[in-house]
Amino acid sequence: MYNLPSPQIEGEILAYIPFGDIVYYFSPYTLVLFIFALTFTALAILSRPEKQVDIAFGGDAYYTKEIPEKQMRFQRFMAISCGLATMAGVTTGDIFNFTLLTAMVGICNIGIVASVKNKHVLDNAYEYGILAMIGTLPLFGAAAIILATTGTLSLWEIFTPAVSVPVIAKALLVIGVIGEGMAPVYVAKAEITRAPGAPYVLMIHVSSLLMFLRVVEIIISM
Amino acid sequence: MTGKTKALMVLSGLICPASAILAAAGAIDAIVMVAALVIFFPLFVISTFLTWKASDHEGDYPFIGY
Amino acid sequence: MISFLLYLLLAVFIGLLYHGIHRKVIARIQTRPGPPVWQEFLHTLKFSFKQTWIPMTASQLMFVAIVVIMIAIWVGGLYVLLTGGSLLILFAIFLLHKITEHGLGLSSGSPYGKFGAIRSVISAASEIPLFATVGAIYMVTGSLMISDITAYEAANGPLLLSVIALPMAIAMYVIVLSKVPYNPFGIIEAKEIVSGNKTEHFGVWRAGLETGFAIKTFVLLAAFVTLFIGALPLWLLLIAMLIVLLTMSFICALTPMLSPYDAVTIQALIIGFVVVYVVIAGVIL
Amino acid sequence: MTGIIRRISRILQNHNNLVGVYAFVVIAIIIVGLLLQSPLTYDQDQLYPKSIDKNSSLDPYDRGGVPFGQTNVVSQYPENEPYLGYVTAYLTPVSLWISETTRFMGTTIVSHPGGIIDEILYNTRGLDTIIETAILFVAFTMAMFLFTRRREE
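Protein chains in written order, with the working numbering: chain Z, 1 to 222; chain L, 1001 to 1066; chain H, 2001 to 2285; chain W, 3001 to 3153.
In isolation and in its complexed conformation, chain Z is listed as follows (with noise of 0.2 Å):
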């Protein structure tokens, strides 16, 4: 029923579980993926935040940053609803639930450092904000020309050989998922990874990363 058409870029299809026309599956690429997000989506609930420190220069003095109890709350929140929501967008098999799961992952990145006191790590938050909130047009527009010239959304009839996406479909998608989280990113997402709470704000970099692996493998079988 279920044929992956080309398993020599991904492997065969190990496991699926169906949600109606919307197919999660594990092929030995997502099941790589999947099990790197659930690794450090279990860090983030396990481990305890880290307590920054930083020095005054020109001294000997030092303090550390204590994460109040409810700030760290929240960020954990966050933190593991960006992880379930990249579990879910590595293993999809279907291009609008992939870009849907990917706003929220640029949602989510966003939630992780909202909570944070300092006015340059929120100054940027809200730069990258901004730009996952355009980095959506690119991104659903992709999917929306995917829908429109191949008559289907799921990857599977996607990936057939028979079904041509356009260029400009898969460059759309590249830069969308880019937009919510990656390389032109990398002045403002660096600096809000200076928020402390070291296990949730590791999760904006996991989450970015393996969507744009996961678009990868997307947009080379297409």
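Just to be clear, a hint being listed does not mean it is correct.
[As the list claims (entries may be wrong)] Listed below are the simulated EDC-like cross-link pairs for lysine to aspartate or glutamate, each with C-alpha atoms no more than 20 Å apart in a straight line:
hint	chain 1	residue 1	chain 2	residue 2
1	Z	LYS70	W	GLU3152
2	Z	LYS117	W	GLU3152
3	Z	LYS170	Z	GLU157
Think of the hints as simulated: they come from the structure by calculation, not from any bench.
Starting from the known structure of chain Z, fit chains L, H and W onto it as the hints suggest.
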């Protein structure tokens, strides 16, 4: 602490070659062997180091105090 | 299957030895005597014998787990490479390595580690798209399985010699270069931020990291040789890897460390050229 | 050469230029993409077809299908949806009667006409609706947290 790491070292040190031998004999799939190695090889490395590291008790400090 | 276990031990050993040779060559080029080639090996052992604890400010579980994850992903990477698995998975493991670098710096709470971690995010922006150009290999060989690519090379000659694949080889070379020690793009462990993301990992944890880095160097160099020259017998593979490493040692010895954003810009420009080349080649073919 | 690189990195490292740089790249990709491949062809064999029946009494909201009946709905993987085509009755019997007897009364939001689109939304692509809601929830949670924290201060 050392007792636990020693136990972990022995355990993971046994699992790594055991999985390789079992896979070579065809008893388990190659993918199971890799999963075992990916999990237990790092643990073996770390637990081995933790076992033979210098003790945490009073040590030989090269200089004391400012 | 037992051979894989032996390969794993070999990878640790050869990786550490090659790190040592790398240091030695850099030192000789800079007319210093340099440490013996066994230095990194001794280094790792020395670290592993030291007193070790977890810093009070660190995120305790993550501080330890990230070292384990670092070794684990490269064990997986070695397996993918040896069995001729998917190049895409190898690519994924490289990216996961960027994540562990980031986590390494973040977990300690040290400001230097934090700087290293932030620089790791900055450099991820350029290193990753660079690696994505390797996906252009798919255009040439029609497959992403490493075994298929080596089969293609056995039939059509090394990719390094074909004009179409040369820019991809350059991109991959820059990738591997940015992961060997003392390279011009190595902004995450630059000395002005002490040791960057590795600053707080001392003793056993550092010894574990060195083990992981040794496997990483082995996998990346072997992947470069396998992808662009072809499947070689082990002794030839080791020699080819050493030659690739020596060319990198020359670059590392003769170039200064770039400033963080300039490193990104230079790598981004290289991507730009490669992408333009791929598009033009794609139109012509 | 180094001057150019410095200048480029100075532009890229300023987070105030971020949105502009990104927007420029998106626009460039759209223009180049359309130049390379234009016009884009519309595939007639759509999985989720949409038709507007101007004569229906439910006009802008008529989503097709037979209320309380079985409708033939296209699906990618019908084997995953054993009840496909049955979930068509979003009209209550009363609102169905109202919509059939009057011209526009049935289009009030109360009658919530059902049909093919709802079938697609809730039966074949149900997970999408869940994720859309999840995005909203996450956004609300952030707003709530920031709002309550400001009030506490």
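Outcome of the hint check:
| no. | hint | in the structure |
| --- | --- | --- |
| 1 | Z:LYS70 / W:GLU3152 | holds, 12 Å |
| 2 | Z:LYS117 / W:GLU3152 | holds, 14 Å |
| 3 | Z:LYS170 / Z:GLU157 | holds, 16 Å |
In this structure, every one of the numbered hints holds.
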